[in-house]
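Novice: Going line by line, the protein sequences match chains A and B. Numbering that gives the first Met the number 0 puts the first sequence at residues 0 to 376. Numbering that gives the first Met the number 0 puts the second sequence at residues 0 to 285.
Keep in mind the hints are simulated off the structure, nothing from the lab. Misleading hints may appear alongside valid ones.
[To be verified] Capping the alpha-carbon separation at 27 Å, the derived lysine-lysine pairs in DSS-like fashion look like this:
id : chain 1 : residue 1 : chain 2 : residue 2
1  : A       : Lys-156   : A       : Lys-172
2  : B       : Lys-255   : A       : Lys-1
3  : B       : Lys-242   : A       : Lys-204
4  : B       : Lys-255   : A       : Lys-54
5  : A       : Lys-292   : A       : Lys-352
6  : A       : Lys-204   : A       : Lys-214
7  : B       : Lys-144   : B       : Lys-284
8  : B       : Lys-242   : B       : Lys-144
9  : A       : Lys-204   : A       : Lys-54
10 : A       : Lys-59    : A       : Lys-204
11 : B       : Lys-242   : B       : Lys-263
12 : B       : Lys-242   : A       : Lys-286
13 : A       : Lys-134   : A       : Lys-156
14 : B       : Lys-112   : A       : Lys-214
15 : B       : Lys-226   : B       : Lys-284
16 : A       : Lys-292   : A       : Lys-325
17 : A       : Lys-204   : B       : Lys-255
18 : A       : Lys-165   : A       : Lys-204
19 : A       : Lys-286   : A       : Lys-352
20 : A       : Lys-80    : B       : Lys-255
21 : A       : Lys-80    : B       : Lys-242
22 : A       : Lys-214   : B       : Lys-242
23 : B       : Lys-255   : A       : Lys-85
24 : A       : Lys-1     : A       : Lys-204
25 : B       : Lys-242   : A       : Lys-1
26 : A       : Lys-292   : B       : Lys-242
27 : A       : Lys-85    : A       : Lys-204
28 : A       : Lys-54    : B       : Lys-242
29 : B       : Lys-227   : B       : Lys-263
30 : B       : Lys-255   : A       : Lys-134
31 : A       : Lys-54    : A       : Lys-1
32 : A       : Lys-54    : A       : Lys-156
Computed from a predicted model, the values in this text were never measured in an experiment.
As a plain string of letters, each chain reads:
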Amino acid sequence: MKLHEFQARELLRQFDVDTARGTVVTDAEDAARAAAAIGGAVMVKAQVLTGGRGKAGGVKRALTPEEARNATQAILRLSIKNLPVKRVLVVEALPVVREFYVGLTVDRQHRLVECILSAEGGVDIERTAESSPEKIVRVPYFDKSINNKTPFAADVKTVFGENAEKASELIAKLYRLFNEKDCSLLEINPCVLTADGRLVAADAKIILDDNALFKHPDLEQYRNAEEYGAAEIDARRSGLSFVSLDGTVGCMVNGAGLAMATMDLIRHFGGSPANFLDVGGSSNPEKVLAALKILLSNPSVTAILINIFGGITRCDDIARGIVMAKQRLAIRQPMVIRLTGTNGAQGREILGKEGTTAVLGMTEAVRRVVAMTGGAL
Amino acid sequence: MSILIDNNTQVIVQGITGRDGSFHAQSMLDDGTRVVGGVTPGKGGQYVGKLPVFNSVAEAKAATRANCSIIFVPAPFASSAIREAAENAIPLIVCITEGIPVLEMIENYWFVKSKGLRLIGPNCPGLISPGACKVGIMPGLIHQKGPIAVISRSGTLTYEVVDSLTGAGLGQSTCVGIGGDPVVGTSFVELLELFEADPQTEAVALIGEIGGNEEEQAADFIQHRMKKRVAAYISGRTAPPEKRMGHAGAIVSGGKGGAAEKVKVLTDAGVIVVDIPDEFPEALKK
Chain A
0 MKLHEFQARE
10 LLRQFDVDTA
20 RGTVVTDAED
30 AARAAAAIGG
40 AVMVKAQVLT
50 GGRGKAGGVK
60 RALTPEEARN
70 ATQAILRLSI
80 KNLPVKRVLV
90 VEALPVVREF
100 YVGLTVDRQH
110 RLVECILSAE
120 GGVDIERTAE
130 SSPEKIVRVP
140 YFDKSINNKT
150 PFAADVKTVF
160 GENAEKASEL
170 IAKLYRLFNE
180 KDCSLLEINP
190 CVLTADGRLV
200 AADAKIILDD
210 NALFKHPDLE
220 QYRNAEEYGA
230 AEIDARRSGL
240 SFVSLDGTVG
250 CMVNGAGLAM
260 ATMDLIRHFG
270 GSPANFLDVG
280 GSSNPEKVLA
290 ALKILLSNPS
300 VTAILINIFG
310 GITRCDDIAR
320 GIVMAKQRLA
330 IRQPMVIRLT
340 GTNGAQGREI
350 LGKEGTTAVL
360 GMTEAVRRVV
370 AMTGGAL
Chain B
0 MSILIDNNTQ
10 VIVQGITGRD
20 GSFHAQSMLD
30 DGTRVVGGVT
40 PGKGGQYVGK
50 LPVFNSVAEA
60 KAATRANCSI
70 IFVPAPFASS
80 AIREAAENAI
90 PLIVCITEGI
100 PVLEMIENYW
110 FVKSKGLRLI
120 GPNCPGLISP
130 GACKVGIMPG
140 LIHQKGPIAV
150 ISRSGTLTYE
160 VVDSLTGAGL
170 GQSTCVGIGG
180 DPVVGTSFVE
190 LLELFEADPQ
200 TEAVALIGEI
210 GGNEEEQAAD
220 FIQHRMKKRV
230 AAYISGRTAP
240 PEKRMGHAGA
250 IVSGGKGGAA
260 EKVKVLTDAG
270 VIVVDIPDEF
280 PEALKK
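Please take these sequences and the hints and turn them into a complete structure.
Specialist: Listed below in structure tokens is the structure:
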């Protein structure tokens with residue numbers, strides 16, 4: 000789950016991390032008032048769940064409340080990477096001496112939390128990693144007692160020089176947040192050294208581990224509807240895993256790997272998948288109905304492919320769901336069904352009684368559905 | 000021969016009284032596995048079918064001499080189940096559960112490793128040595144004993160590939176699903192090492208997907224340390240960036256973990272990368 004900058008700031012403050020003074024607002028008059036309250040120069044920053052805000056014109060400097068009002072008006076008219084800006088953050092413009100980068104993430108390969116440091120903050124860290132990897136220090140560690148120690152002092156010294164002690168304190172706080180709130184990414188970029196010698200989190204990006212949200216009811220308030228489309232939210236509610244794509248073949252598959260392979264195969268044969276949809280393991284007929292409803296809510300879908308290799312999933316359950324959906328939903332699009340594995344024969348028999356046939360092979364099924372959507376056979 | 004599990008594997012099921020645990024305990028028995036009991040705290044003394052239920056792994060191990068545990072415990076309790084198995088020195092721990100927090104998995108991984116034990120999964124279908132033992136949830140029927148090893152980050156896609164192998168007369172030595180999470184107990188590389196040394200295995204089918212760098216590490220190992228033939232398939236070529244495709248670990252993030260990159264690295268390492276799963280038998284027969 001991705002957090003907005005203003006939400007990430009709230010968490011940072013809970014862990015006693017220094018952030019720039021500011022407020023989040025939804026209209027220009029409030030922005031002017033916020034700027035007046037802060038006093039002096041401010042930054043007006045679009046709050047959207049994507050990077051590249053600066054380049055898109057979503058971050059502006061304002062010297063007066065009047066300028067803050069105008070900047071906010073302009074920014075609230077923007078859409079950044081198709082995400083309309085609904086809120087801006089008005090924060091004090093920090094007296095910047097130097098910009099650093101501090102990030103914490105999961106190192107999948109070494110099964111550790113990795114701390115990434117760079118003396119070149121304020122720019123895209125992935126770009127720095129490619130152009131000048133020597134400017135990035137990566138320190139894998141995972142140790143709950145880290146809060147009580149100075150973490151990896153030598154590496155911090157390399158990056159932060161005479162500010163190493165302050166940096167170590169900051170990193171320890173960030174690490175505690177990362178651990179206690181189950182983050183999968185926590186990025187401070189830039190981490191600003193100010194003229195008065197403070198290290199301030201001038202921007203923050205936090206992604207929380209979806210699998211750990213059950214442990215943190217306090218973080219539920221940060222869930223942002225705009226992270227997912229309406230169909231994705233519907234799908235989640237029905238216990239389905241769904242991602243929207245821009246093609247024409249609506250897909251319903253059991254298992255994430257098979258669902259991805261099905262999408263790839265559609266593309267391989269010249270078609271285009273409209274979505275990723277995993278109906279999950281022990282799927283009951285109601286889930287199938289919910290899945291088909293979601294597929295049909297997409298006007299771009301011109302044909303439907305159901306690809307089931309039953310393991311835990313029982314093909315007879317799927318077949319009953321399909322029959323139920325055909326009775327209850329107005330399905331105009333042609334449908335290709337592939338049903339094999341656990342209780343496959345029963346499933347195909349249930350469909351057969353309703354005059355629907357299912358094929359046995361995935362490749363055959365995909366070829367057929369692609370032909371229906373005008374792709375190459 | 001096979002790897003990790005064989006006729007001598009004696010399995011207990013943690014979470015045996017749950018819906019999935021009881022169903023798959025029976026299914027493993029039906030497929031010839033020596034399932035010897037199960038664990039559900041507070042339900043010791045009961046039976047699931049003919050299998051005795053114990054209150055703890057310690058009790059179950061003392062009574063049955065189990066040397067393997069399969070875990071069906073729901074995510075909020077799965078980490079303590081893994082730790083309980085490890086504390087009782089169960090050599091092979093297979094965790095089917097999906098949805099365990101990744102920071103817990105990091106701790107679980109190092110805990111199991113510190114005891115010198117092996118963890119497969121989580122969020123995986125388990126493993127099977129056809130004709131000998133199944134510690135997992137895969138349909139046993141589609142498998143057949145033979146010379147092909149299968150390793151995968153997925154469940155149903157593995158069944159798809161196994162079905163096409165069996166259909167083409169290519170049986171399997173051991174099939175292992177390593178799991179779809181970002182942090183898993185056993186990596187592709189560790190399994191490739193075991194298969195390279197396994198006399199029954201002649202060739203390996205590797206089923207990878209977007210996210211992380213398991214496949215890149217595997218490519219490096221195959222190129223420098225393996226003589227046996229490896230064919231691979233990577234799913235998620237059409238997946239958009241920064242979107243999680245079902246599996247917690249299947250995400251192209253920060254420009255890393257894309258399918259094209261993995262295909263290239265594997266191809267460069269001498270692996271035959273197939274475009275569609277149906278092409279595996281041909282690639283492995285060559």
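Novice: Give a verdict on every hint.
Specialist: Hint check results:
1. For the hint linking A/Lys-156 to A/Lys-172, the alpha-carbon distance of about 17 Å falls within 27 Å, and the restraint holds.
2. Proposed proximity of B/Lys-255 and A/Lys-1 is supported: the alpha carbons are some 18 Å apart, at most 27 Å.
3. Proximity of B/Lys-242 to A/Lys-204 is assessed by CA-CA distance (about 17 Å); at most 27 Å being required, the pair is judged to hold.
4. Using a Cα cut-off of 27 Å, the hinted pair B/Lys-255 and A/Lys-54 holds, with the two alpha carbons roughly 22 Å apart.
5. Between A/Lys-292 and A/Lys-352 the alpha-carbon distance is near 23 Å, which keeps this suggested pair within the 27 Å criterion.
6. Restraint check for A/Lys-204 and A/Lys-214: satisfied, since their Cα atoms lie roughly 21 Å apart, inside the 27 Å limit.
7. Distance restraint check for B/Lys-144 and B/Lys-284: the Cα-Cα separation of roughly 16 Å lies within the 27 Å cut-off, and the hinted pair is therefore satisfied.
8. As the CA atoms of B/Lys-242 and B/Lys-144 are separated by approximately 38 Å, the hinted pair breaks the 27 Å bound.
9. For the hint pairing A/Lys-204 with A/Lys-54, the CA-to-CA distance comes to about 17 Å; that is within 27 Å, so the pair holds.
10. Between A/Lys-59 and A/Lys-204, the direct Cα distance comes to roughly 19 Å. Compliance with the 27 Å bound is thereby established for this hinted pair.
11. Taking the CA atoms of B/Lys-242 and B/Lys-263, the gap is about 22 Å. The hint holds against a cut of 27 Å.
12. Pair hint B/Lys-242 plus A/Lys-286 holds up; C-alpha atoms about 22 Å apart against a cutoff of 27 Å.
13. The hinted pair formed by A/Lys-134 and A/Lys-156 meets the criterion: a straight-line CA distance of about 13 Å does not exceed 27 Å.
14. Between B/Lys-112 and A/Lys-214 the CA atoms are separated by roughly 26 Å; this keeps the pair inside 27 Å, and the hint holds.
15. A hinted pair counts as satisfied when its Cα atoms are at most 27 Å apart, and B/Lys-226 with B/Lys-284 qualifies at roughly 15 Å.
16. Proposed proximity of A/Lys-292 and A/Lys-325 is supported: the alpha carbons are some 11 Å apart, at most 27 Å.
17. Our distance criterion of 27 Å between C-alpha atoms is met by A/Lys-204 and B/Lys-255, whose separation comes to about 18 Å.
18. Simply put, A/Lys-165 and A/Lys-204 have alpha-carbon atoms about 21 Å apart, close enough for the 27 Å limit, and the pair holds.
19. Taking the CA atoms of A/Lys-286 and A/Lys-352, the gap is about 21 Å. The hint holds against a cut of 27 Å.
20. Of the supplied pair hints, the one linking A/Lys-80 and B/Lys-255 holds, its CA atoms being roughly 20 Å apart against a limit of 27 Å.
21. Pair hint A/Lys-80 plus B/Lys-242 holds up; C-alpha atoms about 15 Å apart against a cutoff of 27 Å.
22. Pair hint A/Lys-214 plus B/Lys-242 holds up; C-alpha atoms about 23 Å apart against a cutoff of 27 Å.
23. A hinted pair counts as satisfied when its Cα atoms are at most 27 Å apart, and B/Lys-255 with A/Lys-85 does not qualify at roughly 30 Å.
24. Straight-line distance between C-alpha atoms of A/Lys-1 and A/Lys-204 comes to about 8 Å, which keeps the hinted pair within the 27 Å bound.
25. A distance of roughly 11 Å separates the Cα atoms of B/Lys-242 and A/Lys-1; the hinted pair therefore holds under the 27 Å criterion.
26. Proximity of A/Lys-292 to B/Lys-242 is assessed by CA-CA distance (about 22 Å); at most 27 Å being required, the pair is judged to hold.
27. A hinted pair counts as satisfied when its Cα atoms are at most 27 Å apart, and A/Lys-85 with A/Lys-204 qualifies at roughly 18 Å.
28. Of the pairs offered as hints, the one joining A/Lys-54 and B/Lys-242 holds, with about 22 Å between alpha carbons and a cut-off of 27 Å not exceeded.
29. In summary, the hint linking B/Lys-227 to B/Lys-263 is supported, as the alpha carbons are separated by about 20 Å, within the 27 Å threshold.
30. At roughly 19 Å between alpha-carbon atoms, B/Lys-255 and A/Lys-134 fall within 27 Å of each other, so this suggested pair holds.
31. Of the pairs offered as hints, the one joining A/Lys-54 and A/Lys-1 holds, with about 20 Å between alpha carbons and a cut-off of 27 Å not exceeded.
32. Among the hinted pairs, A/Lys-54 with A/Lys-156 is inconsistent with the structure: their alpha-carbon atoms are about 32 Å apart, more than 27 Å.
In the structure shown, a violation is registered for the earlier hints numbered 8, 23, 32, in ascending order.
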